[in-house]
Amino acid sequence: MQDKRARFEASVLPHLDAAYRFARWLSRSGDAEDLVQEAFLRAWRGFEGLRGGDVKAWLFTIVRNCHATALQQGQRRAVLSLRDAPLPAMRTHSEPAGDDPESVATAEEERRSLRSVIAALPDEHREVLLLREMEDMSYREIAQVTQVPIGTVMSRLARARAALRGKWLEQASGGPRAVR
Amino acid sequence: MQCAEALRVQAYFDGEVDALTALEVERHAGHCGECRELLEQLTATRARLRQELEFPQAPAALRASIRRLLDEDRGASAAEGPGRVRSQGRPALKWLGALLAGGAALAAAVLLFFRVSAATDPLLDDLLSAHVRSLMPLHLTDVVSTDRHTVKPWFAGHADVSPVVVDFNEQGYPLVGGRADYFDGQRVAAVVYRHGTHIINVFAWAAGGHALPEFSSRSGYHIVCWKLGNLQYCAISDTGWDELQALTRLLRAAGSADQPRLDRYLDK
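Protein sequences appear in the order of chains A and B.
The first sequence begins at 2 in our numbering and counts up one residue at a time.
The second sequence begins at 683 in our numbering and counts up one residue at a time.
Derived from the structure by calculation, the hints contain no laboratory data.
Errors might be hidden in some of the hints.
Said to hold, decoys possible - Partial list, derived from the structure: chain A residues whose beta carbon lies under 8 Å from chain B:
#1 R6
#2 R22
#3 Q38
#4 L115
#5 V118
#6 L158
#7 A159
#8 R160
#9 R162
#10 L165
All C-beta atoms in this analysis are idealised placements derived from N, C-alpha and C, irrespective of residue type, glycine included.
Kindly generate the complete structure, drawing on both the sequences and the hints.
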């Protein structure tokens, strides 16, 4: 018992921050914490059955399944229309004293536009992109988490990246910044 | 339209291809402007994403409540079978103690063994890491050529020794290219061969005082070492022993065929 707890603390808990980040993007609303709690409880109960393998990908799969189950059960109210849901609250960036407020505002604006561009991607493209670029997962791990073949991971990733570039180019040429 | 290689270029960018494919992709990008541009775009996209994405940490309260959940869940399952746990408690402890003592002794012995073998030839560790490093994208070869008359002269300017370089394509070991590495205080020549899907690095440097074991294995890689003239050679790969030894036999034969001529030259 003590041993199981120690092993869980050593191998699963270190991925809490990553799981939380992933949950925030999945749920798009305030209940990322509930999602993570539920996933960790399931992970804990299934931990004995885990034989080696990739713990992070395993945990992410659980987070994703919990999210899917919740969606199906309609328990999470605000998440059905992901794209219209409010963006997660911004992290408060520590603003160095004496920094030009104008440039701070611009940086904030850019982050906001990046978020909105990513949020506008189709769900299955967005998750692949985030797992690769934010979590640095391998194709194999992403395939495990999203439960699709590696070839599908590759084509989704390519499409997500191309869409991102396209949106950026759009913004750079005729976006709100040019209007200002 | 997109180049048919685009997905492979992306996989290369993501570090998902083996050394051979990496080589092919690099060659391709050398003459495909579209794929070179794709690589630049991939790099720029990643840079911007990683710079601007937020990486928030889980709130402390969440971490605490998860720990609390685990405690509660543990309490529940312990309550299910306390009798079993308690009745076995003492003998189990004794066994555990014996196991631990035995395990510690074994661990000490294993540790000692590894220390000794590692201390005798740290060079093998250098070889292994040089080999593994070479398999990463962009690291396999400095000079890409299947022509030994291109590879061999290249070493003259880039390594301290001039090793045997032969293309054994007909025997199933095509020459891939050459690379300069640095370890043991000197510039080491690495000749790269391919066998099937496996990469074989053959390192060569001026033989030092200490002898290396002829056959050894590290982390699943096989290493064969031999001396020829005043050069120390080391072949390393994840192929089977037979395949690796077949190449070293070819190299030794080619090397000793070279040897008399070299001696005659030195005598003059």
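For each hint, the structure was consulted:
Among the interface hints, the one on R6/A holds; its C-beta lies about 7 Å from the nearest C-beta in chain B, closer than the 8 Å criterion. Interface restraint check for R22/A: the shortest CB-CB distance to chain B comes to about 6 Å, inside 8 Å, so the restraint holds. Here the hint on Q38/A is kept, as its CB sits about 6 Å from the closest CB of chain B, short of 8 Å. Annotation: interface hint on L115/A holds; nearest CB of chain B at approximately 5 Å, less than 8 Å.
For V118/A, the interface hint is violated, the least distance from its beta-carbon to any beta-carbon of chain B being 10 Å, above 8 Å. Annotation: L158/A was flagged as interfacial toward chain B, and the flag holds, the nearest CB pair being 7 Å apart, inside 8 Å. At about 6 Å, the closest approach between the beta carbon of A159/A and any beta carbon in chain B falls short of 8 Å, and the interface hint on this residue holds. Hint status for R160/A: violated, given a least beta-carbon distance of 11 Å to chain B, over 8 Å.
Interface hint at R162/A: satisfied, since its Cβ lies 6 Å from the closest Cβ of chain B, which is below the 8 Å cut-off. Hint status for L165/A: holds, given a least beta-carbon distance of 6 Å to chain B, under 8 Å.
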